[in-house]
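Q: Here is what each chain is made of, one letter per residue.
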Amino acid sequence: MEEAYRRITEYLNRFSDAVSSQDGASLSSLLSLSSNHPFLLSLADSLILFQDASRVFKQSERFSQYSEIITHLFRSLQNYRLGNLVDAYQAFEKSANAFIQEFRNWESASAWALEALYVLAYEIRVLAERADRELTSNGKAPEKLKAAGSFLMKVFGVLAGKGPKRVGALYVTCQLFKVYFKLGTVHLCRSVIRSIETARIFDFEEFPKRDKVTYMYYTGRLEVFNENFPSADHKLSYALMHCNPRREANIRMILKYLIPVKLSMGILPKDWLLEKYNLVEYRDVVQALKRGDLRLLRHALQEHEDRFLRSGVYLVLEKLELQVYQRLVKKIYIIQKQKDPTKAHQVKLEVIVKALKWLEMDMDVDEVECIMAILIYKNLVKGYFAHKSKVVVLSKQDPFPKLNGKPIES
Amino acid sequence: MMNQGVSTETIPPVDSGSLENHHVVDASQGQTSSYFPPTAGSDAISWTIHRADHNSTQNGTLPSSTSTYQYDYHTQPPTRNVQEGLNAASLPSSSSSLGTANVSQDYNGYASYPNSTDPYGYGSTGYPGYYNSYQQQQQQQQQSNQPSYQQQQFNHSSYQQQQPNHSSYQQQQPNHSSYQQQQPNHSSYQQQQSNHSYSQTVGAYQNTGAPYQPLSSFQNTGSYAGPASYSSTYYNPGDYQTAGGYPSSSYSNQNTLWNDANYTNYTTHQYSNYTPDTTAYSSGTTTAPSLHYQQQYKQWADYYSQTEVSCAPGTENMSVANTSNVGCPIPGVSGEYPASNTQTPPSYTPPSWRPESSSSELASVQPAAGISGANDGYWQHVAPSSQILHTSPMQPQSQKSLDPKTSYDIFQDQQQTAYSQVPNVQYPANNQVPQSYQSPVQTVPSLDTRRVSKLQIPTNPRIASNLTFGFPKTDKDSSTISAAAKPAYISVNVSPMPDEKVLSNSAADSILKPGMFPRSLRGYVERALARCKDDTEMTACQAVLKEMLTKATADGTLYTRDWDTEPLFPLPNADAVNKDSFQSSTPGSSLPKYKRSPSRRSKSRWEPLPEEKSVDKSASVVNNTVKYGGWTNPSERDRKLFMGNNESKENNFTAMKFSPLAQKNASKNIQRQVKKQRFADGLNAADNGDASSDSDKEQNLTAYYSSAIALANTPEERKRRESRSKRFEKGQGRPENNHFKPKNAGPGNLYSRRASALVLSKNFEDGGTRAVEDIDWDSLTVKGTCQEIEKRYLRLTSAPDPASVRPEEVLEKALDMVQNSQKNYLYKCDQLKSIRQDLTVQHIRNQLTVKVYETHARLALEVGDLPEYNQCQSQLKTLYAEGIEGCHMEFSAYNLLCVILHSNNYRELLSSMSRLSVEAKKDEAVKHALAVRGAVTSGNYVMFFRLYKTAPNLNTCLMDLYVEKMRYKAVSCMSRSYRPTIPVSYIAQVLGFTPATPRNEGIDEKDSDGLVECVDWLKAHGACFIADNHGDMQLDTKASCSSLFMPEPEDAVAHGDASLAVNDFLTRTSL
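Taken in sequence, the protein lines are chains A and B. Per this note's numbering, residue 1 is the first one in the first sequence, and the count goes up by one each step. Per this note's numbering, residue 1 is the first one in the second sequence, and the count goes up by one each step.
Distance condition first, Cα-Cα at most 35 Å in a straight line; then the derived DSBU-like pairs of lysine-lysine:
| no. | chain 1 | residue 1 | chain 2 | residue 2 |
| --- | --- | --- | --- | --- |
| 1 | A | K331 | B | K927 |
| 2 | B | K921 | B | K965 |
| 3 | A | K382 | B | K965 |
| 4 | B | K969 | A | K319 |
| 5 | B | K949 | A | K390 |
| 6 | B | K1038 | A | K406 |
| 7 | A | K290 | A | K330 |
| 8 | A | K262 | A | K276 |
| 9 | A | K406 | A | K390 |
| 10 | A | K339 | A | K270 |
| 11 | A | K402 | A | K337 |
| 12 | A | K262 | A | K209 |
| 13 | A | K262 | B | K1038 |
| 14 | A | K406 | B | K969 |
| 15 | B | K921 | A | K378 |
| 16 | A | K319 | B | K922 |
| 17 | A | K388 | A | K348 |
| 18 | A | K319 | A | K276 |
| 19 | A | K354 | B | K965 |
| 20 | A | K339 | A | K402 |
| 21 | B | K1038 | A | K330 |
| 22 | B | K877 | A | K182 |
| 23 | A | K382 | B | K969 |
| 24 | B | K921 | A | K276 |
| 25 | A | K348 | A | K402 |
| 26 | A | K290 | B | K921 |
Honestly, the hints are just simulated from the structure, not real lab data.
Construct all of the structure, not just a fragment, from the sequences and the given hints.
A: Have a look at this one:
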């Protein structure tokens, strides 16, 4: 009991010291529930033991102004320690709400408490995710993450204005992205993105780098969903370029989307890259593209269908088929050229059909003809198709234009 | 405006009624005169005078009538014209005419009841409570008060119907109804009221402090004058005693009236004078009640025990007599009353008695239920008797009307307080004059006999007229109100009840042979016959009943069926009969309204077809029983739950219950109180309803109709409202129950039930925390009884009517019918939607549901009705998710196709693809859909049209909707990539124009339909042609490359689907 009391007062002292000395780092360490810091854990135990904790800090004038924050924080901590994550979340959200109120007052000149706010935003998201997991396991509807989303939106509103606070806006945005992507309510990102990108007051480059990378990663993913490959390429590449090279997990996440995007624009990754970041699921795809092996591509897609579908790149990869056809025709063309350069630019349809047959692709003439027409139409092949003679007549100049970072024409 | 319209309409019937009423009134007057004088010394005088005036008033001389009481009574019934004249006269007399007018109306209505003792119960219950609430929330209450008024009025109206004497009551009803309507408009309101008020104004208004003295002049005037003193006097038994028990009761009524008046005044602002009085009064009441009540209750218990002794000897009839006696003594506490009784019998005593008895019972009953354990004891004894009384049924109606409104809650709260008060008053009197009881007892039997045998015949025509008279007005009111606002629906609810109940006692009794049928069935028959207004109708009714009963016997459901909850069949040939009997000048207005009550609603809402066969209807209605049973069940459950726990506590009940009341009164948080109280009341009501099996039917019925009226779009809301309204009606329905079936309810049963109900109510009272949400709403689910296979779809705007909802078996047939029907899609869609609706309403979610949705989805797909398809699809998704079997694969394929082809949403496609199970991916249809997706995303038109031709199920239909786009894409692709030409035959074959298999025949058959179609299509899209050497049509790709365009769809129609022909719509509207 004595010990518990001592711990609680110590926490209170630390808290109040951190605020009065504007020590953001130590303040945030006091708020970081999920850090499982031994101090916090022992505090939680003390709180469980010492039921009437609020009495302690209500006695002192010094703590009373934070009583709203701390009461709920203590309750949250207590529940967190006891494994009642839903309750912990609820209490934490209240505490965080109170914190924002205080935060508004603190943030006049400098943004010293931003770090604490970051911790808060992070904690609330993580706590909400865990609370949702608890809810689902109890057969209830998970709703906490949604609540966390709206809370973070509130935080975003606090930060999005002018002034030094604005630096923190991107962090909150990224937390919001995480929430929305997890919830599958990606469309909600749009408003946040707009307020980040249209605000000219604050240059994007002035945001912290880590936030920029995260932001670019998520917006890049959004562009993949929208099939806007050049933009996706740009954003994901930015993320990749600025990502801390030691954060391999992060790099891998970026590459997971960047590679399909690049593939769809005709840029193939080196094998070692796939190896290094353990993205072997793309290896066959790349191989298929290199070889014009339709069968391999289809096989690869089928093999990793679940993964690709989940990450949302399936349809991107599927569209590589046309490039594979192009490669195939190109190979035929090259072979023909080796045999008889004069007639090389005329590729008979039946040859292609036969080649596909070798690949165990059972396609009849009409179908192949259609695909050739599409290839020509999409400018993957230059030339024309003569229906009467069933021949693809290739252009003599650059019959197979390379994409070189441009997306396939539609 | 609405009021005016109503008033005008009502007038004609009123006239006719008034004539009849006059007679009735006269008879009643004789009775009443004898009655009242004994009861209340001062009042009695005024009363008698009034009655005399009554006659005059009917003639148009109303202004002269000194006693406001009667005056209102009769004057109201006469049409507005009379009233207006009266008003003119009255207005001058009353300086504050407007405010007074309001008061007077209420008063009138009440006053009349007080005479008959019913008002007593009502007034006391409703008004005191009201009063209290008023004090606390004056502003809020004003609004709420109005509803309460309506309710009370309705009560009166119902009253009238039952009792011949009450014809005057009926008249009042119309007035009240108009009053209700008017309430929104104070000006109009006041005017109408002024008619009534004027009489009162004379006495009451002169003295602001003691406005009531004239009315309540009895003993209380002195007490009234001073607000503080008023409260005290009110509670003092001594005062009452001096006045005589009866006066005291009337006094209470007056008080209530007075409150109302204040209330109204308050609204008008003129009556500021009164408000202080009221407040003072309320304060006194609020503080005092708890203590007083308990004591009083004990007294009650004593009282009841005494009454029991007297009652016990009697058989059923005897018990009836006893009850009436009991009721009489209560109102008439003083010895005077018995005297009146004795006098009355020769004349119309029975009717007059009944109201009194019922009223007295009501008063007693309600307090008992709500208030004290002592009452329980009382109930046990009294209950049987109370059932006998017929007047009570009316109350439920009023309750219903009240239910919807918040005011109702207040009302109930007040009721409790009122109860407490009432008992006080009555008590001393009762104790003092036990002897008087016996004498009334003797009279009673005579009354019963009369009722059964003689009363019916002579009174019937009269009653009928009265009924019509009363009904039309109420109906109108209700209708208008409903149009205007929620209150309306309340009023509407009321209307159905009167029909059923009017003659129930007399007619039913005669017809039924007791013992042959289950009690509940007898009650049902009674009710059914009670609605009949004359002999012809009675015979018709009997025929229907006989049919029903034979059928039931054949089914074997005679004893199993829950007759209590069985809805009444519509009156056969009501129109003709009514007209004849009524003599009413305006048959059109009165009749239709009259009919409106139960069956008509369903017609108008559900059955678009104008001509309904009443017989058919009745059959269907009979089927409703099941549904009704459903209704009652939940409450019963609840009751049972509570019974076990609480019976032991009954004794304590009084104390416990009252303390909360007092607290509530004191507390400022009115709303919460209201809610709490309401809930408790509702529960009580529900319990009561269940408790007395015989009377359940009415309640259920009313509940049902009220619920039907209540607008509810979502099932939840609907349920909530239903339950809410049901609660209320039931809460007030207690008295009705008791009175309604004199013979049926065994004392023991009633006793226990009542006790349980009380316990229940107490429980809820005590544990105010119990949430409404805890009630099992699912048990309230509608159970359809409609046997018609074909039914048109009509979007629900109210709670579903079980009579028009088809049960599952019928729905199955309906589905079969639709599937085999040769009619067009619109018809089928309509039918399927109605099936879906019925399923939803009944919470049927099984394979049939899936089948219906699947059928509908397929049909919708066939005609390309995507919106409808989407509805079905989303429903199917959840149904499948619940594990109900169906053509899951087929529809997940449809879903895929739909996403691919029509929503074109990348993420949605991804998610629906990733959601496919392994088995699903092996399914033919799903595979096909996935292949289509591939073809579409890659633009592989050859593949697409091949898949189009081999599509399983209705995949083709979904693809159909994409064909145009695909073809256009294909042709533009071809014209870009082919040089120099493409044979049209090839295009026709590849793009699915050729009817037969593409590979062999298509190319060479130039004259095939596909080719021509293709050319037409290409031309329509701006393609350029050239003919080759063989004369074959060739597409000039280079030229076409730049000339292709997507034409505006020629067949575009406003409703977005060209496949739905205009003619279909035309035929549909004429259906």
